[in-house]
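Student: Chains as they are written, first to last, in this note's numbering: chain A, 1 to 133; chain B, 1 to 133; chain C, 1 to 133; chain D, 1 to 133; chain E, 1 to 133; chain F, 1 to 133.
Simulated from the structure, these hints should not be mistaken for laboratory data.
Honestly, I wouldn't trust all of these hints.
One copy or two, either will do: identical chains are not told apart, so a pair holds if it fits within one copy or between any two.
[Stated by the list, open to error] Straight line, CA to CA, 25 angstroms or less: simulated DSS-like cross-link-like pairs of lysine-lysine: (1) K131 x K94; (2) K125 x K41; (3) K125 x K84; (4) K131 x K41; (5) K84 x K41; (6) K78 x K41; (7) K131 x K78.
Number of protein chains: 6
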Amino acid sequence: MLSRILGPRLEATAHCDLPCGVYDPAQARIEAESVKAIQEKYQGNEDPEFRARAIQIKEQRAELVKHHLWVLWTDYFKAPHFEKYPELHTLFNKATKAAGASGAKGSMDPAKGQELLDLIAEIDKIFWETKAA
Amino acid sequence: MLSRILGPRLEATAHCDLPCGVYDPAQARIEAESVKAIQEKYQGNEDPEFRARAIQIKEQRAELVKHHLWVLWTDYFKAPHFEKYPELHTLFNKATKAAGASGAKGSMDPAKGQELLDLIAEIDKIFWETKAA
Amino acid sequence: MLSRILGPRLEATAHCDLPCGVYDPAQARIEAESVKAIQEKYQGNEDPEFRARAIQIKEQRAELVKHHLWVLWTDYFKAPHFEKYPELHTLFNKATKAAGASGAKGSMDPAKGQELLDLIAEIDKIFWETKAA
Amino acid sequence: MLSRILGPRLEATAHCDLPCGVYDPAQARIEAESVKAIQEKYQGNEDPEFRARAIQIKEQRAELVKHHLWVLWTDYFKAPHFEKYPELHTLFNKATKAAGASGAKGSMDPAKGQELLDLIAEIDKIFWETKAA
Amino acid sequence: MLSRILGPRLEATAHCDLPCGVYDPAQARIEAESVKAIQEKYQGNEDPEFRARAIQIKEQRAELVKHHLWVLWTDYFKAPHFEKYPELHTLFNKATKAAGASGAKGSMDPAKGQELLDLIAEIDKIFWETKAA
Amino acid sequence: MLSRILGPRLEATAHCDLPCGVYDPAQARIEAESVKAIQEKYQGNEDPEFRARAIQIKEQRAELVKHHLWVLWTDYFKAPHFEKYPELHTLFNKATKAAGASGAKGSMDPAKGQELLDLIAEIDKIFWETKAA
Numbered sequence: 001m002l003s004r005i006l007g008p009r010l011e012a013t014a015h016c017d018l019p020c021g022v023y024d025p026a027q028a029r030i031e032a033e034s035v036k037a038i039q040e041k042y043q044g045n046e047d048p049e050f051r052a053r054a055i056q057i058k059e060q061r062a063e064l065v066k067h068h069l070w071v072l073w074t075d076y077f078k079a080p081h082f083e084k085y086p087e088l089h090t091l092f093n094k095a096t097k098a099a100g101a102s103g104a105k106g107s108m109d110p111a112k113g114q115e116l117l118d119l120i121a122e123i124d125k126i127f128w129e130t131k132a133a
Numbered sequence: 001m002l003s004r005i006l007g008p009r010l011e012a013t014a015h016c017d018l019p020c021g022v023y024d025p026a027q028a029r030i031e032a033e034s035v036k037a038i039q040e041k042y043q044g045n046e047d048p049e050f051r052a053r054a055i056q057i058k059e060q061r062a063e064l065v066k067h068h069l070w071v072l073w074t075d076y077f078k079a080p081h082f083e084k085y086p087e088l089h090t091l092f093n094k095a096t097k098a099a100g101a102s103g104a105k106g107s108m109d110p111a112k113g114q115e116l117l118d119l120i121a122e123i124d125k126i127f128w129e130t131k132a133a
Numbered sequence: 001m002l003s004r005i006l007g008p009r010l011e012a013t014a015h016c017d018l019p020c021g022v023y024d025p026a027q028a029r030i031e032a033e034s035v036k037a038i039q040e041k042y043q044g045n046e047d048p049e050f051r052a053r054a055i056q057i058k059e060q061r062a063e064l065v066k067h068h069l070w071v072l073w074t075d076y077f078k079a080p081h082f083e084k085y086p087e088l089h090t091l092f093n094k095a096t097k098a099a100g101a102s103g104a105k106g107s108m109d110p111a112k113g114q115e116l117l118d119l120i121a122e123i124d125k126i127f128w129e130t131k132a133a
Numbered sequence: 001m002l003s004r005i006l007g008p009r010l011e012a013t014a015h016c017d018l019p020c021g022v023y024d025p026a027q028a029r030i031e032a033e034s035v036k037a038i039q040e041k042y043q044g045n046e047d048p049e050f051r052a053r054a055i056q057i058k059e060q061r062a063e064l065v066k067h068h069l070w071v072l073w074t075d076y077f078k079a080p081h082f083e084k085y086p087e088l089h090t091l092f093n094k095a096t097k098a099a100g101a102s103g104a105k106g107s108m109d110p111a112k113g114q115e116l117l118d119l120i121a122e123i124d125k126i127f128w129e130t131k132a133a
Numbered sequence: 001m002l003s004r005i006l007g008p009r010l011e012a013t014a015h016c017d018l019p020c021g022v023y024d025p026a027q028a029r030i031e032a033e034s035v036k037a038i039q040e041k042y043q044g045n046e047d048p049e050f051r052a053r054a055i056q057i058k059e060q061r062a063e064l065v066k067h068h069l070w071v072l073w074t075d076y077f078k079a080p081h082f083e084k085y086p087e088l089h090t091l092f093n094k095a096t097k098a099a100g101a102s103g104a105k106g107s108m109d110p111a112k113g114q115e116l117l118d119l120i121a122e123i124d125k126i127f128w129e130t131k132a133a
Numbered sequence: 001m002l003s004r005i006l007g008p009r010l011e012a013t014a015h016c017d018l019p020c021g022v023y024d025p026a027q028a029r030i031e032a033e034s035v036k037a038i039q040e041k042y043q044g045n046e047d048p049e050f051r052a053r054a055i056q057i058k059e060q061r062a063e064l065v066k067h068h069l070w071v072l073w074t075d076y077f078k079a080p081h082f083e084k085y086p087e088l089h090t091l092f093n094k095a096t097k098a099a100g101a102s103g104a105k106g107s108m109d110p111a112k113g114q115e116l117l118d119l120i121a122e123i124d125k126i127f128w129e130t131k132a133a
């Protein structure tokens, strides 16, 4: 990823609903990268114990993706954002579904993980536009 | 922070002990930024209900800092790193203490949050050196 | 896992994202009723220790409301529902905000808890219509 | 379940040990329904990845059943109840065991899930009698 | 405590409901000792920030006491034990209540913490008798 | 909080970072004994459902070992201890690694569990020396 090439940078969210005011879609994206990485490792390792751990850990990371996205959708994005980006609700709904049973949770295919990453990338694009605005 | 000026970047860790192979001190640093932000907001708001929530939420974020640091110390850094950087154990021990009762947890002074951030910055520097090596 | 570090927590959802197929907005509503009940008890009891506990427990219950609602929005409601009820995304977004810092989390006023309950009631009405369909 | 036939009703418990005063065995029952549903789905799907997820999720739901029952037993039921219903302790002990390793956790047989539901139904009956008293 | 005087011993429980077969009331007792220690420290420190943290942390430790006791009651003790010790159900019910809102959670008085410890000591006595049997 | 989303979890530590002042390596050791016990039972039971549960539960117990050790390393041991016992940092780092993916988490071989127990025994020895000092 570009970020790793460019060096260390501040990213992940610190959602605390105080509110803290610190948000970043990167946290959801990183968990999704873990999900995809686990799917790839699963495909490359047939050991049943390894695979059992992979499934368990992927389940947890995917749940974290859902949570990070939900937090952005509820705590960061406000009514004016949803007016400016009428596709935003649907995008978040699709992304959180893509992290769930019908998406990355329910499959060990890295293509599912990539679909999730692609949806998060769309959210990330809008997020930074709102930050710049 | 530089990262925000430079735009969106990939950061946070995806610790899963599978292992996933994805680590970044930014996650600890972001939680520490939240801790400091909460301390600052606390100083600026005397409402007892707000302050009670701030203390509770800071406790949780500070615990997350400890966890992220512990994970880096155990799961990312290996014996060769500790040989090359003999100060690394002490640095992690000080940083995790700085996130705890004797540091950021036990104080609403943003200076304590900054001390924690400074220690994390030292870890971050070494981390990226090991990545580049 | 982060959850273990943070201590024991109650997770009372009928959400299992297997998927299980069992959903009911009542769970969100009950947590919201607890939130309002805590606000009412807080107003009637000035003991500082009681009030501190009330704030802490309300924070947890309100977070559960957010989670239950998010799960319904992502795991139960599907695209056809959102087409039939175009107001549904906004309704869920408002309801989850009403459970958060700008709503029930950030206030000990039972009126805020009632606002949250009213929004959940609107969701509940739509939910049962989809069930009957 | 009667509650679903009769329409949406107050279901889940809001255990908060403040105390909140809101309890309902339905929450334990719903989790037990999830457990049984997972057992049924497991029997009908031989995919090893699906089965691994089913086992993991059932473990979590069953643990929730135990917790909801424990909370009722400790926080809702009082000494006069135990005097009036001398079988109540044993009933709760059997029900929480039925949710555990020797019961629903340790088996993918829906009959085990049904045994758990039957025990919860007995608790539910007594619960509503105490409410009516 | 006897265990500390006699040297380090097997203390905490390893409840895993696999079952693992490793149980010890000491874990509940240790958490109760923490609860009492927090109550004592609270009485000796009037700083509002310290007190807020103390209340929050005591709430968590007390909840752990409840959980450890519940696990012993459900996972360790069996029907023959309850026959041999007919007071056991009531003892566990009183102990878990003593850790809750009407007991140690709801008070910063170390006497409440001591009451909880006394009840746990009674459980511990019976526990070791069953182990010796 | 993330922890709520992830489901109910047991957190059995005497760590409260208030600070409470109550610590004992026995807790880490007991969890490690559970880990080894699970590995032994796994070897003796080929039932796929049992094995799946064993892997899942061992993962959780091993994570608890890591946490208990980290807490001792950060919250109990102080700078003078690390000066007196210069091997202590390395010992803790090895022990937490032994509880992780390269150790007990990643293997169903009881020998791995025993290695972890041996490292904890070394920590325990130093711990009680510091207590006696």
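Student: Okay, which hints does this one fail, numbers in order?
Tutor: Going through the list in order, the structure violates hints 2, 5 and respects the others.
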